[in-house]
Structure formats: structure tokens, C-alpha cells
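Q: Each chain, letter by letter, is given below.
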Amino acid sequence: MDIRVIIFIVFALAAVAGAISMVLARNPVHSAFGLLLTMFSIAVFYVMNGAHFVAAIQIMIYAGAVMTLFLFVIMFVGVDTSDEAEEHIPFQRPMAMILGAGLLILIVASGIQAWVNSRALTGRGSLGTIENVSDELFGTWLLPFEATMFLLAIAAVGTIALAQFAFTLRSTDGSDDE
Amino acid sequence: MSELVVTAGWYMALAALLFSIGAIGLLTRRNALVMFMSIELMLNSVNLTFVAVGKELRTLEGQIATLFVIVVAAAEVTVGLAIIVAVFRRRETASVDELSEMRG
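These protein sequence lines are chains A and B, in that order.
Taking my numbering, the leading residue of the first sequence gets 1, the next gets one more, and so forth.
Taking my numbering, the leading residue of the second sequence gets 1001, the next gets one more, and so forth.
Be a bit skeptical, because a hint or two may be false.
[Claimed, not checked] Pairwise CB distance ranges, derived in the manner of DEER restraints: (1) I89/A to R1090/B: 22 to 30 Å; (2) R1058/B to P90/A: 45 to 53 Å; (3) R1091/B to I89/A: 14 to 22 Å; (4) D2/A to R1058/B: 39 to 47 Å; (5) R1090/B to M60/A: 29 to 37 Å.
These aren't lab readings, by the way, just hints derived from the structure by calculation.
Every residue gets a Cβ at the ideal spot worked out from N, C-alpha and C, and that includes glycine.
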């Protein structure tokens, strides 16, 4: 058997197990670690598809920065599992299961349809090394890349404003002077 | 029996499964943080589809799209977690069921 098939099966099982444990875990910290397992598995799939740079970014940004941020906020907010016990909307969980299964069937069916009906092998077919990706990113996609600068600046300013807003609410403690 | 080879279809099936698990998690959980993680899982599964199909079509555009999705997701996570922290400081809870004051 091809080694790639074995790697795919092992890491696909790891990814699905991580995703399911993320959804089922009562403790948000366990959810975060399940998602971490899934993200590492997806980074392995990126490498298998020749996307080396994207795999490195996946590890650094997602597994490193984003999950650290999640764990930090979980520690800040506190591990609270009491709110999952009672049902506020009747039949929410069975309905969600049915909708999720229907979504899966719909995605697979439309994917098979699109894949069979349209097949065109075009493009350069180069590996996703840093050199090739930067050629593409700073050539064809320069304007969208510059636009992400605005997005990140807005996100940073918005986060600071939110923190300031929460602080003001806390310090005035209900007395509205605005 | 022909040799078993990993094709883009395998990745797409896996990504569809992960996306559905993320959607179910988003619909069933009430903790805002876990709902956020479900959204991240859905974004990741779509990224996997982009990369796998980009490989199959012999183009780098899939990887570029993945990079942009990662940037937007990182910005979204910072703002979303800041909102969750702000709500927690005001209400002492991270459950979305408690935040029903604006319900009509």
C-alpha cells in the first residue's frame, strides 16, 4: 500500500476524532485541545498537497497564536459547564443532528456533481514554496494583500476600543453619564 | 485490484465531514467559546478543500485563498474574543442562552 494512503488514514482519523471531541467535550479546555489536534492534522494534509508555506502558517498562526488566545480567554472567563445541562429550545439537539447530516449529504452530493461535470487542468502547477507563493501573492494578488492591511488595522483598533468600552462600563458601574 | 491512491476527492470528503461536525457543534453548544471554535473548524475544512483542489487543478490560487482566509479568521478571532470578554465582564457568563435581552 502507498505510504500516503496510510498517512492520510491516520491523520484523517486524528482530525475527525479531534473535531468530535471538540464538539462533545463538556470542558472548553478539552474542546480547545481537540481543535488543536485537528489543526495539526490539517497542516499535515497541507504538506502532502505541496503547500509547505501554508502548512507553516497554519502551525504558527492557528495552532500557535489563535489557540493560545482561545486558551487565554478560557482561563479568563473560567471553565463553566453548568449551562449545557438544561434545554431551552425543545428538540434543539436532534434537530441540529438532522440538519448536520442533511448538510453533509448535500455537500457530498454537490461536490460529486461539480467534480464530475467540470474538470480542467490549467495553471503552472508549481509547489507552494515561499518563493512561488510570494511570486503569486505580490504579483497577481498585491491589491487584496494590501487590503488585508486595512482589515488588520480595523480589527486592532476595534479590539482596543472594545476593551476600553468594557473598562468604562465597569468603572462607572451603571451610572450613565452619556 | 488497482493501486490505492489519495486523490483530491478523499480530501474533499474529509473536509465535508469536518464542516458538518463544525456546523453541528455550532448548533448544539451554548458556550460562546466552543461555538467560536466550531466556526474555526468550518473555516479550516474549507481551507483544506482549497489546497487540495488547487493541487488537483495545478494552480497556486487555492493556497493564496487559504492565506487570505487565515488572515481574515485571525482578525475575526481577535474581535470576537474581545466581544466575549466584554460580555463576560458585564454579565459574568459565556453562555449565549443568557444573552436574550434583545429577543423580540
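Q: Give a verdict on every hint.
A: A quick look at each hint next to the structure:
{"no.": "1", "hint": "I89/A to R1090/B: 22 to 30 Å", "in the structure": "24 Å, holds"}
{"no.": "2", "hint": "R1058/B to P90/A: 45 to 53 Å", "in the structure": "51 Å, holds"}
{"no.": "3", "hint": "R1091/B to I89/A: 14 to 22 Å", "in the structure": "20 Å, holds"}
{"no.": "4", "hint": "D2/A to R1058/B: 39 to 47 Å", "in the structure": "21 Å, violated"}
{"no.": "5", "hint": "R1090/B to M60/A: 29 to 37 Å", "in the structure": "33 Å, holds"}
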